[in-house]
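> One-letter residues, chain by chain:
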Amino acid sequence: NAGVTQTPKFRVLKTGQSMTLLCAQDMNHEYMYWYRQDPGMGLRLIHYSVGEGTTAKGEVPDGYNVSRLKKQNFLLGLESAAPSQTSVYFCASQRDHEGEQYFGPGTRLTVT
Amino acid sequence: GQQLNQSPQSMFIQEGEDVSMNCTSSSIFNTWLWYKQDPGEGPVLLIALYKAGELTSNGRLTAQFGITRKDSFLNISASIPSDVGIYFCAGRGANSKLTFGKGITLSVRP
Numbered sequence: 001n002a003g004v005t006q007t008p009k010f011r012v013l014k015t016g017q018s019m020t021l022l023c024a025q026d027m028n029h030e031y032m033y034w035y036r037q038d039p040g041m042g043l044r045l046i047h048y049s050v051g052e053g054t055t056a057k058g059e060v061p062d063g064y065n066v067s068r069l070k071k072q073n074f075l076l077g078l079e080s081a082a083p084s085q086t087s088v089y090f091c092a093s094q095r096d097h098e099g100e101q102y103f104g105p106g107t108r109l110t111v112t
Numbered sequence: 113g114q115q116l117n118q119s120p121q122s123m124f125i126q127e128g129e130d131v132s133m134n135c136t137s138s139s140i141f142n143t144w145l146w147y148k149q150d151p152g153e154g155p156v157l158l159i160a161l162y163k164a165g166e167l168t169s170n171g172r173l174t175a176q177f178g179i180t181r182k183d184s185f186l187n188i189s190a191s192i193p194s195d196v197g198i199y200f201c202a203g204r205g206a207n208s209k210l211t212f213g214k215g216i217t218l219s220v221r222p
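Quick mapping for you: the protein sequence lines, in order, are chains A and B. Residues in the first sequence are numbered consecutively from 1, following this note's numbering. Residues in the second sequence are numbered consecutively from 113, following this note's numbering.
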């Protein structure tokens with residue numbers, strides 16, 4: 001039981017490049033989340049999903065897209081990376097609307 | 113939007129001391145969660161609280177869900193060097209989304 005895993009762990013992109021971050025969970029959780037963490041800003045919600053095939057916008061969704069084609073996976077895409085998207089990205093999952101939320105180890109992304 | 117206040121930003125204690133941190137909100141929450149984050153890692157859930165007034169322990173950690181539902185407290189007893197890290201509170205309101213505090217960085221002097 002690996003919990004929540006994220007790939008890759010580190011990535012450097014040039015401005016304008018695209019990439020996809022993968023999150024996987026093996027706990028059969030319905031809810032999944034993508035956050036970004038920046039110094040002095042805390043954790044901010046980008047997008048989330050309350051079940052397979054559903055997605056919704058969080059607090060800071062601009063510049064990101066997500067997909068939840070399979071229950072265990074939640075993908076975060078950057079179509080055209082910008083330096084402002086340099087951050088540490090965390091995925092999290094939760095059993096249902098009241099459950100405890102568990103985090104992955106994070107992806108450190110640098111956009112130059 | 114909802115805000116969670118955690119202060120001070122940093123705390124420095126001596127090994128063996130107890131430390132208490134609190135989290136306050138202007139809004140009512142139905143759930144409080146406390147996390148610890150080590151450098152380069154993701155937040156790890158320490159304690160979850162679901163009822164106003166609830167007091168829950170996890171080893172040397174004790175957390176309480178405030179009676180007003182607008183605050184929560186985390187106590188660490190007999191601190192050890194591995195307690196170093198950033199401690200976040202998170203509250204869940206009626207919309208089911210978590211709101212996070214900005215965290216308190218704890219340093220433990222040996």
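Any given hint might turn out to be false.
Cut-off 27 angstroms, straight-line C-alpha distance, at most; resulting in silico cross-link-like pairs (BS3-like, lysine-lysine) [what the hints assert, rightly or not]:
(1) A/K9 to B/K209
(2) B/K209 to A/K70
(3) A/K57 to B/K209
(4) A/K9 to A/K71
(5) B/K182 to A/K70
(6) A/K9 to B/K182
(7) A/K57 to B/K182
(8) A/K71 to B/K182
No wet-lab data here; the hints were simulated from the structure. Remember, predicted model here, so these are calculated numbers, not experimental data.
> All the hints need checking, so say for each whether the structure fits it.
Status of the hints after comparison with the structure:
A hinted pair counts as satisfied when its Cα atoms are at most 27 angstroms apart, and A/K9 with B/K209 qualifies at roughly 26 angstroms. Restraint check: the Cα-Cα separation between B/K209 and A/K70 comes to about 22 angstroms, which is no more than 27 angstroms; the hinted pair holds. Among the hinted pairs, A/K57 with B/K209 is consistent with the structure: their alpha-carbon atoms are about 12 angstroms apart, no more than 27 angstroms. With a C-alpha separation of about 22 angstroms, the suggested pairing of A/K9 with A/K71 holds against the 27 angstroms cut-off.
Under the criterion of a C-alpha separation no larger than 27 angstroms, the hint pairing B/K182 with A/K70 is inconsistent with the structure, at around 37 angstroms. The suggested pairing of A/K9 with B/K182 is violated, with an alpha-carbon distance near 36 angstroms, which exceeds 27 angstroms. Between A/K57 and B/K182, the direct Cα distance comes to roughly 26 angstroms. Compliance with the 27 angstroms bound is thereby established for this hinted pair. Between A/K71 and B/K182 the CA atoms are separated by roughly 34 angstroms; this puts the pair beyond 27 angstroms, and the hint is violated.
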